[in-house]
Amino acid sequence: MRLFPKEIDFFEIFDKTSLNITKAASRLVDLMEIFDDTEARAKEIHEIEQDSDMLTHDIMKKLNKTFITPIDREDLYSLASRMDDVIDLIWAVADRIAVFKLKEPMREAIKMSKDILTTAEVMHKAVKKLKEKNYAHVQEYCIEINRLENTVDRGFRDALGKLFDDVKDPILIIKWKEIYEHLEDASDRCEDVANILEAIVLKYA
Amino acid sequence: MRLFPKEIDFFEIFDKTSLNITKAASRLVDLMEIFDDTEARAKEIHEIEQDSDMLTHDIMKKLNKTFITPIDREDLYSLASRMDDVIDLIWAVADRIAVFKLKEPMREAIKMSKDILTTAEVMHKAVKKLKEKNYAHVQEYCIEINRLENTVDRGFRDALGKLFDDVKDPILIIKWKEIYEHLEDASDRCEDVANILEAIVLKYA
Amino acid sequence: MRLFPKEIDFFEIFDKTSLNITKAASRLVDLMEIFDDTEARAKEIHEIEQDSDMLTHDIMKKLNKTFITPIDREDLYSLASRMDDVIDLIWAVADRIAVFKLKEPMREAIKMSKDILTTAEVMHKAVKKLKEKNYAHVQEYCIEINRLENTVDRGFRDALGKLFDDVKDPILIIKWKEIYEHLEDASDRCEDVANILEAIVLKYA
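Chains as they are written, first to last, in our numbering: chain A, 1077 to 1281; chain B, 1077 to 1281; chain C, 1077 to 1281.
Hints may contain errors.
You can't tell identical chains apart in this list, so a pair holds if it fits in one copy or across any two.
Unchecked claim - Here are the computed lysine-lysine pairs in the DSSO-like style, where the Cα-Cα straight-line distance is at most 27 Å:
no., residue 1, residue 2
1, K1187, K1279
2, K1179, K1201
3, K1209, K1177
4, K1092, K1190
5, K1204, K1177
6, K1238, K1119
7, K1137, K1238
8, K1279, K1190
9, K1099, K1201
None of these hints come from the bench; they were simulated from the model.
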């Protein structure tokens, strides 16, 4: 049984995109832990994001020009959009740290970033397994992504509580609140990716 | 004339979900009015949200495994997603009140919560009428939901204006602004539900 | 070769909606530059938004009642929704200026508003060319919208950086940050419109 027979190269591109997400998340963890030269580090992540943008554009063009059923197209389109969102948000986090001229990391932001890196790695594995038509493993990885999203969600609410408990400078609160929200959004979009992967497997496997 | 003949049990699940939304909204009004033990009250709403999560997961699985036309699937999928958003946002409001350790309610937040409860009750009726194939009533209730969304929208902008007029502590402004935004979002997602219900009726009735 | 033969009047409505977006954006530039009587000016933009709401409602009803393929419907539905978002956001910007009782403009907000007006004008041209089946020009305009979105995005990050560099009052930061975010969102939704227009052209031209 073949899945999307004519569009197997789509999964090549998704593989590259999810590898890019892993790279960007890994650079974000470095930035969060080392917290020096934040502008240069944000620029590096921006380059990965730009690279992914071209992959997304490529996949959208192929999707629009390839004959596939509406329902396949819709799934692949959503998959590409949500992956694009994840990398955009990872870049937004790095960018805000530079734009806000933040000088010191927050333990909670490091933890959230690490959990997002783990999520990205599992997502990359899930995409690879889908490409290899190893559907049982796709589902396992998707469950793990959902579990990780719960972890990030709890981490986000802890971070928010601690931010308002410990920090008294409202401007610093505004800055970190936005960063935490982008991290939480990135994790939510990873969960969306997992849900789409699960839907694809349920429909076609 | 039958609507979604093979998937009539979908509407059973939507009925349960919209009942859950009503329950959660009712608990939120209690929390807003009484404003004691906010953490325990938020936890109760969280349990309703968790319960709904399982219903949503169940419906998504059934949608992916059932043979239905892409367009029906798309509508039912959107319906489940938007209802899930509503209950998530109601929980988020309750959760923020606890996380932000707010000690006193805001009159405007009570009013917005009550309007959302009314919206939820009308939404529940609309779903019931759809299940019973009483399409004229579905449309009536949808118009009422749209009207209520306008009320919440005006309430939101009043609340925002009053917040910046009356409160001088920027941290308190940040906290309540987020709560008002989540309430407004919950109301917007209810309007999305009404629009999807209307679309279903227009297409199939 | 005909595009959406039976629904050619859809593009009449899109033409009117995109003209409305241009009008609203133009009024927003006036508000930002002159910055007097902000409440009355916001009300004028609200009237344009209300007018567009009726157009959107009309198109949604026609979409649901017209027999078209799911994939066409999906594209037209998205187009109408994203255009509706653009005008909602332009109105939200004007409304916040009034609700927040802001007394002085920000140079960066004027610049972002002007770029959004330019985007709206190009978008209107793109919709006109689609109506005329002049597909090559549609694509050209879409590329220009994407370029403008990059400009607004850079403008947004500059504005954010300058806001935190120059303004010391946290409440003023909260207010302008929200306005900048709505402007950036409006630009993002214009990019969505461009992407949908491009997809339509690629699929059917």
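Hints versus structure:
For a Cα distance limit of 27 Å, the shortest separation of K1187 from K1279 qualifies neither inside one copy, at 35 Å, nor across copies, at 44 Å. Taking identical chains as interchangeable, the C-alpha atoms of K1179 and K1201 are never at most 27 Å apart, the minima being 35 Å within one chain and 46 Å between chains. Proximity of K1209 to K1177 under the C-alpha cut-off of 27 Å is found in neither arrangement, the shortest distances being 46 Å within a copy and 49 Å between copies. Proximity of K1092 to K1190 under the C-alpha cut-off of 27 Å is restricted to the intra-copy arrangement: shortest distance 21 Å within a copy versus 37 Å between copies.
Taking identical chains as interchangeable, the C-alpha atoms of K1204 and K1177 are never at most 27 Å apart, the minima being 38 Å within one chain and 44 Å between chains. Only between protomers do K1238 and K1119 lie at most 27 Å apart by alpha-carbon distance; the minimum there is 19 Å, versus 29 Å within a single protomer. For the homomeric pair K1137 and K1238, neither the shortest alpha-carbon distance inside one copy (45 Å) nor that between copies (37 Å) is at most 27 Å. In this homomeric assembly, K1279 and K1190 never come within 27 Å of each other (Cα to Cα): the closest approach is 32 Å inside a single copy and 41 Å across copies.
Proximity of K1099 and K1201 under a CA criterion of 27 Å is satisfied intra-copy only: 14 Å inside one chain copy versus 40 Å between copies.
The structure fails to meet hints 1, 2, 3, 5, 7, 8 from the earlier list, while all remaining hints are met.
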